[in-house]
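Enquirer: My request is simple: use the sequences and hints to build the entire structure.
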Amino acid sequence: MASAPTASARKGSGWFESWGGMAIGFASFFVIWHIAATWLVGSALFPPPWPVFLRGIVLAREGLLQDQILASLSRIMQGFLLGSILGVPIGLAMGSFMPVRKILEPYTEFLRFIPAVAMITVAVIWFGIGEESKVFLIIYTTIFIVIINTATGVAGIARNKIRAAQSLGASRWQIFLHVALPATVPFILTGMRLAMANSFTTIVAAELVASNDGLGKMLWDARLFMQIEDIFVALVCLGLLGFLVDRLFRWAIRTFAGRFSPLL
Amino acid sequence: MSLVSLRNVGKTYQSRLGAAYTAVRGFEMEIEPGEFICLLGTSGCGKTTVLNMLAGFEMPTEGSISIGGAQVQGPGADRGVVFQGDDSLYEWLTALENIEFGLKMRGVAKAERRDRAHRFLELVGLKGQERKHPSELSGGMKQRIQIARVLANEPAMLLMDEPFGALDAQTRSVMQQELLRIWQETRKSVLFITHDIDEAVTLASRIGVMHAGPASKLKGVIPVSISGERNRTSDDFIAIYRQVYGMIREEVALAMQRQG
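Protein sequence lines correspond, in order, to chains A and B. Residue numbering for the first sequence follows the numbering used here, starting at 767 and increasing by one per position. Residue numbering for the second sequence follows the numbering used here, starting at 49 and increasing by one per position.
None of these hints come from the bench; they were simulated from the model. Glycine included, each C-beta is placed from N, C-alpha and C at the ideal position.
If you anchor each label on the Cβ, the simulated ranges turn out as follows:
#	chain 1	residue 1	chain 2	residue 2	range
1	B	158	A	894	48 to 56 Å
2	A	918	B	67	26 to 34 Å
3	A	942	B	68	28 to 36 Å
4	B	289	A	875	52 to 60 Å
Expert: Written out as structure tokens, the structure reads:
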């Protein structure tokens, strides 16, 4: 609230700046898609947007589409939240204490190079094709990014911030709570945003390979039965969902944590 | 009894490869209550090391430092520190919240600390800026917040490490006058680090001139007895400037030589 003048100046205040430009951007995307599908390719394997939209309506009427979306989203949300809840304290500890960093670095530096997609097989063997394996994979894909961003944030706090707090009479615990933690919030949120994008990739891959529902499963079935329009409905849904979730994330950051992170 | 006494203070840094560097050796100084001491020296002469040891950020490897009769064991709220840059401010807090930070840490009730923060915000001339964040304020304003933040905490003394070093000449001059006014109102002891002779003669009641580093100590202390407002073009100002300049000139040459 207090930073309103600069924030609104940066965002631009007109309707066009906030929504108009984006609407034109989206519209042009569908126009180009239409032109490409109808005139440039002209194949049954690349449907234009309108039939895809109609198919989407049909699937939504039957309730099938919502079911798949909900299945994928709930897995993402569970894994993402658990991964973040675990990742933040681990990252804080790694960034604050050198011994903890040395001990845990082999884990983070080793495991983060094994992509979650590569862990699908192990996850299915360990947890079966139910919810557990998906949530495990999303936690896996979330946690390392959150840990590394958080640790970087804590370790990068200006020394004078800590020193100032010490000479103002703050205890170690107070410095952690009132200096280290708030100074790290922008890094934590950035890590979570990146992790959210990764979660989308991972959930689709996991559902493609082993699942009874979800957008990934929908893609897989549509491929099996050559339902081209269903494939495109799933793809568009993924793009829209990702876009909306990211917007929601940015909105939440601005509303609840704007003072920590004026740049997002 | 003096408020602060530094006795035979020395600081030797040990590098990881085992090389030793002695920044300060045999440093002696007494600071009386209400005094404004400027510590003047060439770059690399160890003046910041002295301040950091007095602040408790670093421990001396030789000698002893005491404040109010007690040995300095580490940082404490009795010594408020104003840093050179603005990276010590908390950018997620407003100007007012920055100023009341110390009071909050020390458990002062909300209404009272608000009250006190407002008072010091006004004292440093920031009335009307209380709800702004540091990123929305100019360099001079940010240094004012630092000063108010320290003063609101009511320390026994202020330690200022080239606090106006990053400001432009006009702003610096204004800030010097403001600081003098605040000092006259609050009568805190101040240890002010600078490499600017003009700044030292403008502010100090005594100027401590340091030898060039390494293994630096005080070369001499010059009392500044100018009554009334200090005017850069007045004879007594120029006389003291000359005296200080005479002392530091050789050290500058020495420092240049040593740094190649």
